[in-house]
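Q: Turn these sequences into a full structure, and let the hints steer you where they fit.
Chains A and B, in that order, give the protein sequences. Each number in this note's numbering corresponds to the 1-based position in the first sequence with 90 added. Each number in this note's numbering corresponds to the 1-based position in the second sequence with 4 added.
Treat the hints with caution; some may be incorrect.
For lysine-lysine, the following DSSO-like pairs were computed, each having C-alpha atoms within a straight-line distance of at most 30 angstroms [what the hints assert, rightly or not]:
id: 1; chain 1: B; residue 1: LYS73; chain 2: B; residue 2: LYS58
id: 2; chain 1: B; residue 1: LYS58; chain 2: B; residue 2: LYS103
id: 3; chain 1: B; residue 1: LYS73; chain 2: B; residue 2: LYS56
id: 4; chain 1: B; residue 1: LYS103; chain 2: A; residue 2: LYS101
id: 5; chain 1: A; residue 1: LYS101; chain 2: A; residue 2: LYS161
id: 6; chain 1: A; residue 1: LYS147; chain 2: B; residue 2: LYS7
id: 7; chain 1: A; residue 1: LYS104; chain 2: A; residue 2: LYS147
id: 8; chain 1: B; residue 1: LYS7; chain 2: B; residue 2: LYS73
id: 9; chain 1: B; residue 1: LYS103; chain 2: A; residue 2: LYS161
id: 10; chain 1: A; residue 1: LYS147; chain 2: B; residue 2: LYS58
id: 11; chain 1: B; residue 1: LYS58; chain 2: B; residue 2: LYS7
id: 12; chain 1: B; residue 1: LYS103; chain 2: B; residue 2: LYS56
Everything labelled a hint here was simulated from the structure, so no lab data went into it.
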Amino acid sequence: DTGVSQNPRHKITKRGQNVTFRCDPISEHNRLYWYRQTLGQGPEFLTYFQNEAQLEKSRLLSDRFSAERPKGSFSTLEIQRTEQGDSAMYLCASSHPATGELFFGEGSRLTVL
Amino acid sequence: LAKTTQPISMDSYEGQEVNITCSHNNIATNDYITWYQQFPSQGPRFIIQGYKTKVTNEVASLFIPADRKSSTLSLPRVSLSDTAVYYCLVATMNTGFQKLVFGTGTRLLVSP
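A: The structure is reproduced here in C-alpha cells:
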C-alpha cells in the first residue's frame with residue numbers, strides 16, 4: 091500500500107501523559123500536513139511541512155504540541171501533558187508537488203481519560 | 005481564504021442524482037474549488053477540483069458558473085456507499101502550500 095500511513099490508529103491515555111503519533115507520507119510527496127478533527131466537525135489545520143521545514147503552525151497548536159519531520163520523510167506529532175480536550179482524530183496528509191491534491195491517512199484517534 | 009457555505013445535510017435514495025451546492029461569494033481570482041469526501045473513521049478523500057465551467061471525472065461532475073460564486077457537486081446515480089460527508093473548499097491555485105479550511109460539510113444519507 092503506497093498511501094499515507096499513520097500509527098497508532100488508536101491511543102487511549104490518561105490525562106497528563108505524553109503521546110506521539112507517526113505519519114509516513116507518500117514517498118514522492120514533499121509536503122506534509124497535520125489536521126485535527128473532533129466529532130461532527132471538519133478537520134482543523136494544525137501545521138505544515140515542506141520537506142523538513144515546518145513552515146506554518148496554527149494558533150490551535152499550543153506549546154504542548156510539537157511536530158517534527160526529520161530528513162523530510164516521516165513526521166511525528168507529540169502532545170505533552172495531555173488534556174481531555176485533546177481527544178480527537180489526528181489526521182496526516184501529504185501532497186504531490188505538481189498537483190497539490192492532499193492525500194489523507196486514516197488518522198490516529200486519541201482518547202484522553 | 006474564501007469562506008464556503010453548504011447545506012448541513014441531504015437525503016437521497018439509491019439510483020438518484022444528487023446535487024450539492026456550495027456558495028463561495030468571496031472567491032479570489034487565483035482560487036479554485038475542490039471537493040472532498042469523508043467516511044466515518046477515515047481521512048477525507050479528494051473527489052474533484054475545478055476553476056470554471058464544468059469538470060467531470062469517473063466519480064462526479066463539478067459545475068461552476070461564470071461568476072464562480074458558487075459551485076455544484078453532482079453525484080450521478082448514488083448508491084448506499086455514497087453516504088458520507090462532503091466538503092467544499094476553496095484554495096489558492098498554485099502548487100505551493102495549501103492551507104485547506106474545512107467547514108462542517110454536507111452529510112449525505114443515501115437510503116435504499
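Q: Against this structure, judge whether each hint is valid.
A: Against the structure, the hints come out as follows:
no. : hint                 : result
1   : LYS73/B to LYS58/B   : holds, 14 angstroms
2   : LYS58/B to LYS103/B  : holds, 24 angstroms
3   : LYS73/B to LYS56/B   : holds, 10 angstroms
4   : LYS103/B to LYS101/A : holds, 27 angstroms
5   : LYS101/A to LYS161/A : holds, 26 angstroms
6   : LYS147/A to LYS7/B   : holds, 20 angstroms
7   : LYS104/A to LYS147/A : holds, 26 angstroms
8   : LYS7/B to LYS73/B    : holds, 11 angstroms
9   : LYS103/B to LYS161/A : holds, 22 angstroms
10  : LYS147/A to LYS58/B  : violated, 35 angstroms
11  : LYS58/B to LYS7/B    : holds, 21 angstroms
12  : LYS103/B to LYS56/B  : holds, 21 angstroms
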